[in-house]
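In order, the protein sequence lines correspond to chains A and B.
The first sequence begins at -12 in my numbering and counts up one residue at a time.
The second sequence begins at 715 in my numbering and counts up one residue at a time.
Misleading hints may appear alongside valid ones.
[Stated by the list, open to error] Derived list of chain B stretches under chain A, where covered just means 3 residues or more per stretch with a C-beta under 8 Å from a C-beta of chain A:
| # | stretch |
| --- | --- |
| 1 | 742 to 750 |
| 2 | 775 to 787 |
| 3 | 829 to 843 |
| 4 | 860 to 868 |
Because the hints were derived from the structure by calculation, they are not lab data.
Heads up, the beta-carbon is just placed ideally off N, CA and C, and yes, glycines get one too.
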Amino acid sequence: MDSSPDLRWFNLDRLNLLIGLFLFLSFLAINRVRARNLDSIYIRPLPGLKALDEAIGRATEMGRPILYVPGIGDMSEVGTLAAITISGPVARRTAELGCELRVPCYDPVVAALIDGVARQAYSEANRSDSYIAGSVYYVSATQFAYVASVTGTMLRDRPAANIYMGAFYAESLFLAETGNQTGAVQIAGCDQVTQLPFFVCSCDYTLLGEELYAASAYLGREPDQLATIAAQDWAKALAVVVVLLGILFALLGRPELGKWLQTS
Amino acid sequence: MQILEIWVASLLTLCVFTFLYRDNPLYRFAEHLFVGVSAGYLLAVQYQNVLRPNVIEKVAGGNLMPLIPAALGLMILGRLAKRTHGLSQWALAFYVGIYSGIAVPSYLQAQIFAQLADAVKPFGAGWAAINSALVLIGFLAVIAYFYFTAPQNRVHKAAARVGIWFLMVAFGASFGYTVMARVSLLIARVQFLLRDWMHILPPA
């Protein structure tokens, strides 16, 4: 029996993924042109984001820090990428208001990136001198060691607001419940469906799933990010059409479309 | 030795449980011990499982290619000094680029195509048709909720409201399921304390 690997440049079983990717990229290209005029793309306001500003303002008045928890995902998770993006506007606002920001990180690379983003945000707010080196710090890459440290910080330093953005797993309830007990304003954004219920129960505002991705565009108001959200919406509209057509064809005894969507 | 392990595990468990009352030195001791031990453990694991087999042994065997990722890794340490800070940006850019490239196709496959393929199914007969109709209505309503770039008119708003109800029902089910799993973990820990440590419960 031949056990040599089958080396191919392209896996034809995944042609559907390539077509999907090209379609999305074309949506993105069109919307990038549209987004040059920022007013041409509307994004529905998200209540959780309006609260973000209030929470930072409240923390400033109380003289307490803001705790920004970017989850325990690594760079391969889209939620983590969104958490890094959102950390920029949050850091900028804390810099403008003179509020202390603390960001405990699970992944050292994420810590390095958020540190860079926060430094940049302080610089853009002309408050580079106010940035405290070490306010974005690595804790531990062990899930519950990270939880123990973050919950300890919540109880000892009593942040006025806890902001959870990113990819969360079993630690979500531990963090959000402890934060709730300290009386802090809590805003969460997570794309893990199994963890969202815990944030919904114990936080004041929760960004559900894709709202997390939209949040970074809404806060940043950068043409590229707005274009991404618009392209995603076009893709969703296309998905609705594909599903309706697929069901219709399947009812007529032609299930090919459903089979074509299946990937190996 | 095993008795010592049980005592250490039991006392540390109790230290962590004291958190239910309030933050205190016992909890802080367990917290710092946990963070410190995990950092040391991960360092050893990274050396044994990543650095040694992938870099040291290969380079010693004459293969110099692993020196490239090793150099990128060392460049991240450039962050420690102001003069070399820029070096870390190159390594991080490479890291983010690679991971984004990996994430996009796998996300497309797992989160979009797999779900679409599951949604495109003919309606079953009898009660199964009601189930299929509910899935379709839920799909359309939830998509309506997550459509961000159009102002919500009356129809869109109504559909989005139905969508949020579907989401909340799903969250409720998930919440109950996960809480039961957490209760099982608590039961296992209490059994450990009562059986292995205090010998109140009979051996399993």
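Against the structure, the hints:
1. 742 to 750: holds (count 5)
2. 775 to 787: This one is violated; 0 residues, fewer than the three required, reach chain A with a Cβ under 8 Å.
3. 829 to 843: holds (count 7)
4. 860 to 868: holds (count 7)
Against the hints set out earlier in the document, a violation occurs for number 2 only.
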